[in-house]
Amino acid sequence: MKSKLKFQNLFLIVALISALQQWGFSQSIVGMAIAKSDDDVYVWYSNGTASAGSSSDLTSTRAPYYFSLPPGKSAYNIVGMGISASDHVYAWYDDWTVSAGTSWDLNSRRETYRYSLPPGKSPGNIVGMAISSGDNVYVWFNDGTVAAGHSWDLNSVRETYRYSLPPGKSPGDIVGMGIAADDHVYVWFSDGTVCSGTTSDLDEYRALYRYGR
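Okay, so the sequence shown: first residue is 2 according to our numbering, each after it adds one.
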């Protein structure tokens, strides 16, 4: 009887651990960005937490911690994020507004203001955003085009041009993007892979490899 109870308890513990792991990994990514000061990769999740790490291990530098948003916003309103050369964190939302802050307080440096997109584009078309070392903001769309501009005018530096993905990938597979200090573009996909390239050729520098979180 005792051995049976021990087995049942062990089974319950294993099931609980499995459930907790599944819960943690089920939190979807709502934003990603790379800090230019140290190339740490920051990730923001739908459950209101953020983490920091490397391109292949998203929690290797800092375990998940909570972040706050502007009043009236939720994590699900985020359509893109980026970190500037001065390590200011920018977040763009689905109501055509953008804010600036820190990784834990997205509204602490500048409260929400309006942004514009290239003609014919809407926030729902955005699949990734990132800020270069020169503080140009790049935005990738679900029709295979990318544009560059400023935080308030995302088409002011370069009008839309085409980008390519790794074989077998589509824009809808992208869960996050970031630009490192050397201006290499990193792209994370929903199947647990990441690649590196340019703004127009997303796997030019490094083919797909695995990441964990």
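Hints were generated in silico from the structure; no laboratory data involved. Incorrect hints may appear among the rest.
Listed next, with one range per pair, are the computed distances between beta-carbon atoms [as the list claims (entries may be wrong)]:
#1 Asp202 <-> Ser157: 22 to 28 Å
#2 Glu160 <-> Asp136: 17 to 23 Å
#3 Gln28 <-> Tyr162: 18 to 24 Å
These figures come from a predicted structure and were not determined experimentally. For glycine and all other residues, C-beta sits at the position ideal for the given N, C-alpha and C.
These are the hints, each one checked on the structure:
{"no.": "1", "hint": "Asp202 <-> Ser157: 22 to 28 Å", "result": "23 Å, holds"}
{"no.": "2", "hint": "Glu160 <-> Asp136: 17 to 23 Å", "result": "18 Å, holds"}
{"no.": "3", "hint": "Gln28 <-> Tyr162: 18 to 24 Å", "result": "34 Å, violated"}
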